[in-house]
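Asks: Let chain A serve as the given structure and place chain B on it in line with the hints.
Quick note, the sequences are listed as chains A and B, same order. So the first sequence is numbered by my numbering: it starts at 1 and just counts up by one. So the second sequence is numbered by my numbering: it starts at 1 and just counts up by one.
Any given hint could turn out to be false.
[To be verified] Restricting the straight-line Cα-Cα distance to at most 30 angstroms, the calculated cross-link-like pairs of lysine-lysine (BS3-like) are:
1) B:Lys204 / A:Lys18
2) A:Lys18 / B:Lys207
3) A:Lys31 / A:Lys18
4) B:Lys79 / B:Lys140
5) B:Lys79 / B:Lys204
6) B:Lys207 / B:Lys161
[To be verified] Far from chain A by the CB rule (all over 10 angstroms, computed), these chain B residues:
7) Met9
8) Leu16
9) Asp38
10) Lys48
11) Glu53
12) Glu86
13) Thr88
14) Thr107
15) Glu147
16) Asp188
17) Thr205
18) Phe206
19) Phe271
20) Val303
21) Val304
22) Ile305
Worth flagging that the hints you see were computed from the coordinates, not collected in a lab. In this text, a Cβ means the ideal position worked out from N, Cα and C, and glycines have one as well.
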Amino acid sequence: MSLYGANIEKREVKFLYKVTGAGTRGLDTLKPGDRLDIMGPLGSGFTLDPSWRHIVAVGRGAGLATLAPLAKAARQNGTGVTAVFSARRPELVVSAELFRDHGAELIVVTDSQSSSGPANVERILRRLISEGRCDAFFTCGSSRLMRVQQRLAHEFKLPGQVAMEQQMACGIGLCYCCVRDFNVEGEIVQRRVCWDGPVFDLMEALP
Amino acid sequence: MSTTTAVDMSVSVGGLTLRNPVMPASGTFADGLDRVMDFNRLGAVVTKTITRELRTGNPLPRVVERPGSLINAIGIPSKGVPYFIEETLPYYAAYDTPLVVSISAPTAEGFANLAAELSLSGVAAIEANISCPNIEEDGKAFAMRAESTENVTRLLRQATKLPLWVKLTPNTGDMPDVARAAEAAGADAVVVANTILSMAIDLKTFKPCLGNIMGGLSGPAIKPIILRHVFQCAKAVSIPVIGCGGISTADDAVEYMLAGAAALQVGTATFVQPAAMMAIIEGLEAFCMHREIARVAELTGGVVIEEADEPDLAWLNPPT
Chain A
1 MSLYGANIEK REVKFLYKVT GAGTRGLDTL KPGDRLDIMG PLGSGFTLDP
51 SWRHIVAVGR GAGLATLAPL AKAARQNGTG VTAVFSARRP ELVVSAELFR
101 DHGAELIVVT DSQSSSGPAN VERILRRLIS EGRCDAFFTC GSSRLMRVQQ
151 RLAHEFKLPG QVAMEQQMAC GIGLCYCCVR DFNVEGEIVQ RRVCWDGPVF
201 DLMEALP
Chain B
1 MSTTTAVDMS VSVGGLTLRN PVMPASGTFA DGLDRVMDFN RLGAVVTKTI
51 TRELRTGNPL PRVVERPGSL INAIGIPSKG VPYFIEETLP YYAAYDTPLV
101 VSISAPTAEG FANLAAELSL SGVAAIEANI SCPNIEEDGK AFAMRAESTE
151 NVTRLLRQAT KLPLWVKLTP NTGDMPDVAR AAEAAGADAV VVANTILSMA
201 IDLKTFKPCL GNIMGGLSGP AIKPIILRHV FQCAKAVSIP VIGCGGISTA
251 DDAVEYMLAG AAALQVGTAT FVQPAAMMAI IEGLEAFCMH REIARVAELT
301 GGVVIEEADE PDLAWLNPPT
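In isolation and in its complexed conformation, chain A is listed as follows:
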């Protein structure tokens, strides 16, 4: 599930989800006007440094939607956004319009056009870096693409953030169901996606 939009003035939050289990099946039964009891916001999200002039957002599948609010916030900061969208087929690219509305430049790569492989994405990212259009990486939805960005971030000394997923039970840091391993200065530590994340330092994340 992705939180893909928030409008404080309109008191709106938007979620994108795929119906897979009992929870999302339940959500799918809701009709306009129904009431839903939710708790949030929880955990920590993306942060933008005002000194960044241009950022790159790389997402795959539903991960694209997670990056949409970031594009909006970046625009409000005056920071340019290039979004690299990866999907199985062009028609599966979600929230592209949303990114365009937020003034982001879009680069779409797909499996069906054989353009979504790590090597091609790396070529695209190297070009953006050389053009001075990548002060930071933001990513969600693909371990392969995350590893490409980690390599480039290391090579060019660029910061980055990654939004991660894990099955959760409590959502408020109690149960330690949603832990993942992170590499913190060579030591493997476990962190809770719900409470310590879901956004983590790109260089500490492990696939």
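Replies: Just chain B, lined up with the frame of chain A:
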């Protein structure tokens, strides 16, 4: 028929007086809940189980839902004793609520040493988790047998002057016998109970749903089973019984107290509704007010069993 007289919600449990009978079950409480409740309204706070060794916990997935229930195999991730002393203890010192420290160890001596080390100012009681089914091979634990329960409880009793609560497992065949062993060895209360060892299999992959293969069943589905254990244990011992198993509503809480529980632990319900314990406390008070019960403690053991209608329970404990 209703009255506005305040209900005395306090209960006396295993060496402690609590402002009300409701507290979290170990492993289902942490500082994040301060966003949804005032910790000063809880009867007590119970920590996640602390072990001496650093534990990373079980392989993922660690939980799976089943109808009316949750199966977990978290595996007691523990940051060890120094973290507890430096971080957890000072954090809860800010609250005027008794802090119950849950501990576990792989040996009886380990339990005793840990209890001694954690008998610190700011700790109100020790809850010895001698029952967590995930820790030991095939889910075996001290509380599976009366002898091993008596042995570990006796060593714990010698190791600490703090109130000692012993958390039992429903996976044993004879809970009353195990409860009696804990009482004989000096426990101040028994917590009845922990999760029920269980399993789930994914029909897509034919693999177990949990990384640990087996896990502990909790939630509303187990309530009638644990309620029966509380009823039997409360009859078997004279120390207080703390009920823990699927309590989600104030009605569940009343039922447990009627069966013999002096206090209550709430776990899985907090995952569904983070402020569940507050609703249970309020509902319990409202129930007592409505029924004109002056002290909530009067509910404990209040189940009415008429002589003529008493069922023959002898089959539950066949002569050996």
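Asks: So, for every hint listed, does it hold in this structure?
Replies: The hints, checked one at a time:
1. B:Lys204 / A:Lys18: Distance of about 18 angstroms is within 30 angstroms: holds.
2. A:Lys18 / B:Lys207: OK: Lys18 (chain A) and Lys207 (chain B) at ~23 angstroms, within 30 angstroms.
3. A:Lys31 / A:Lys18: Roughly 17 angstroms separates the two Cα atoms, so the pair holds.
4. B:Lys79 / B:Lys140: 23 angstroms, holds
5. B:Lys79 / B:Lys204: 36 angstroms, violated
6. B:Lys207 / B:Lys161: 47 angstroms, violated
7. Met9: At about 25 angstroms from chain A, Met9 (chain B) clears the 10 angstroms cut-off, so the statement holds.
8. Leu16: 23 angstroms, holds
9. Asp38: At roughly 16 angstroms from the nearest Cβ of chain A, Asp38 (chain B) sits farther out than 10 angstroms, so the non-interface label holds.
10. Lys48: Since the minimum Cβ distance to chain A is about 8 angstroms, Lys48 (chain B) lies within 10 angstroms and the statement is violated.
11. Glu53: With a cut-off of 10 angstroms, Glu53 (chain B) remains clear of chain A, as the shortest Cβ separation is near 15 angstroms.
12. Glu86: Non-interface label on Glu86 (chain B) holds, nearest chain A Cβ at 17 angstroms vs cutoff 10 angstroms.
13. Thr88: 13 angstroms, holds
14. Thr107: The assertion about Thr107 (chain B) holds, with a minimum of 24 angstroms to chain A.
15. Glu147: 32 angstroms, holds
16. Asp188: 26 angstroms, holds
17. Thr205: For Thr205 (chain B), whose nearest Cβ neighbour in chain A is about 14 angstroms away, the distance exceeds 10 angstroms, so it holds.
18. Phe206: 18 angstroms, holds
19. Phe271: 5 angstroms, violated
20. Val303: 32 angstroms, holds
21. Val304: 37 angstroms, holds
22. Ile305: The claim stands: Ile305 (chain B) keeps its Cβ more than 10 angstroms from every Cβ of chain A (closest is about 38 angstroms).
The structure does not agree with the numbered hints 5, 6, 10, 19 stated previously, though it agrees with the rest.
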